[in-house]
Amino acid sequence: MLLAISAGGVVVWIVWIAAGFLCLASGLAVVSFSNPFYSALALIGNLATLAILYLLLSAEFVAAAQVLVYAGAVMVMFLFVIAYVGPRHETPWASGPSWKTLAAVLAAGAILVEIIVVIGLKAGGRLSTSPKVGSDFGTPAWIGRAFLTDHLLAFEATSIVLLVAAVGGVILGAHTRRRETETATPVGDAG
Amino acid sequence: MEGPGVVWYLGLAAFLFGTGAFGVLVRRNPLIVLLSLEIMLNGANLALIAFARHSASAAGQIFALSVMAVAAAEVCVGLGLVVAIHRRKIALDVDALSELRG
Chain Y
0 MLLAISAGGV VVWIVWIAAG FLCLASGLAV VSFSNPFYSA LALIGNLATL
50 AILYLLLSAE FVAAAQVLVY AGAVMVMFLF VIAYVGPRHE TPWASGPSWK
100 TLAAVLAAGA ILVEIIVVIG LKAGGRLSTS PKVGSDFGTP AWIGRAFLTD
150 HLLAFEATSI VLLVAAVGGV ILGAHTRRRE TETATPVGDA G
Chain B
0 MEGPGVVWYL GLAAFLFGTG AFGVLVRRNP LIVLLSLEIM LNGANLALIA
50 FARHSASAAG QIFALSVMAV AAAEVCVGLG LVVAIHRRKI ALDVDALSEL
100 RG
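So the protein sequences, as listed, match chains Y and B. Following numbering that gives the first Met the number 0, the numbering of the first sequence begins with 0 at its first residue and continues without gaps. Following numbering that gives the first Met the number 0, the numbering of the second sequence begins with 0 at its first residue and continues without gaps.
Treat the hints as calculated values from the structure; they're not laboratory data. None of the values given here were measured: they were computed from a predicted structure. A portion of the hints provided could be inaccurate.
Computed Cβ-Cβ distance ranges for the label pairs, DEER-style [said to hold, decoys possible]:
no.: 1; chain 1: B; residue 1: Asp92; chain 2: Y; residue 2: Met76; range: 17 to 23 Å
no.: 2; chain 1: Y; residue 1: Arg144; chain 2: B; residue 2: Arg87; range: 46 to 52 Å
no.: 3; chain 1: Y; residue 1: Arg125; chain 2: B; residue 2: Val66; range: 34 to 40 Å
Over 10 Å on every C-beta distance to chain Y, these chain B residues come out as not near it, computed from the model [stated by the list, open to error]:
no.: 4; residue: Ala95
no.: 5; residue: Leu96
no.: 6; residue: Ser97
no.: 7; residue: Glu98
no.: 8; residue: Leu99
Built from N, CA and C at the ideal position, the CB exists for glycine as well.
From just these sequences and the hints, can you work out the full model?
Shown next, in the form of structure tokens:
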């Protein structure tokens with residue numbers, strides 16, 4: 000019995016280390032690739048490894064939503080826009096480290112150190128043990144019950160946010176199209 | 000809980016957030032700035048879900064799902080702006096888009 004539990008723990012550790020390493024590596028790849036197409040592909044890998052980590056945290060529905068919504072819908076939109084705009088190579092690392100890069104490294108490092116210090120000093124002892132959770136923790140039925148009872152306001156607010164964003168996207172796209180046809184009309188008359 | 004504790008997930012989330020913040024600060028292409036923003040949001044999401052597992056409550060996962068919806072809205076508006084900028088034949092460079100600077 001004890002052997003079985005420790006063997007399961009070892010498997011979880013191996014999966015965690017692999018997923019965490021791939022997650023960090025693909026995150027760095029997103030930031031450092033000069034071609035945005037490759038960056039978007041690396042972000043798909045980042046999202047997939049994050050879904051594995053969510054599964055380890057027994058958040059099954061969030062992992063499924065991550066793959067479907069993020070890696071599916073959002074990234075397809077990204078790839079379409081990148082293909083529409085065209086490849087645009089940017090060489091941020093060609094001219095050596097500039098003062099902007101140094102300042103960005105300092106700022107990002109400061110955030111990182113701050114978070115780790117807060118976790119380590121203030122909350123380290125309290126975070127060492129986690130309670131056992133039931134087998135329905137994170138299932139779609141459990142999430143749905145929580146959404147439609149205790150967190151109904153967040154659910155409804157999310158729908159309004161998505162509606163406003165959809166209207167905003169349509170307006171941003173349609174406005175420029177009307178301008179193009181207005182400027183294009185005299186040319187058509189002359190022809 | 001078998002395997003790594005919550006602190007490990009929080010450390011990974013902090014690294015992801017730092018990576019995304021670095022990308023937002025350094026890169027000049029607005030598309031890659033949006034991609035780096037996604038990394039920052041996902042770092043925050045990982046911390047939220049780790050805390051949900053730690054406290055065995057639904058609130059963290061609900062919060063993470065709401066963050067996902069807000070990220071979808073942000074991508075919708077952000078990519079709409081990128082397409083609008085591209086149609087007006089303005090260079091896709093966040094340093095060049097400085098007309099509204101005070």
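Checked hints:
1. Asp92(B) / Met76(Y): 17 to 23 Å: 22 Å, holds
2. Arg144(Y) / Arg87(B): 46 to 52 Å: 48 Å, holds
3. Arg125(Y) / Val66(B): 34 to 40 Å: 24 Å, violated
4. Ala95: Holds: least Cβ distance 12 Å, greater than 10 Å.
5. Leu96: The claim stands: leucine 96(B) keeps its Cβ more than 10 Å from every Cβ of chain Y (closest is about 14 Å).
6. Ser97: 15 Å, holds
7. Glu98: 16 Å, holds
8. Leu99: At about 16 Å from chain Y, leucine 99(B) clears the 10 Å cut-off, so the statement holds.
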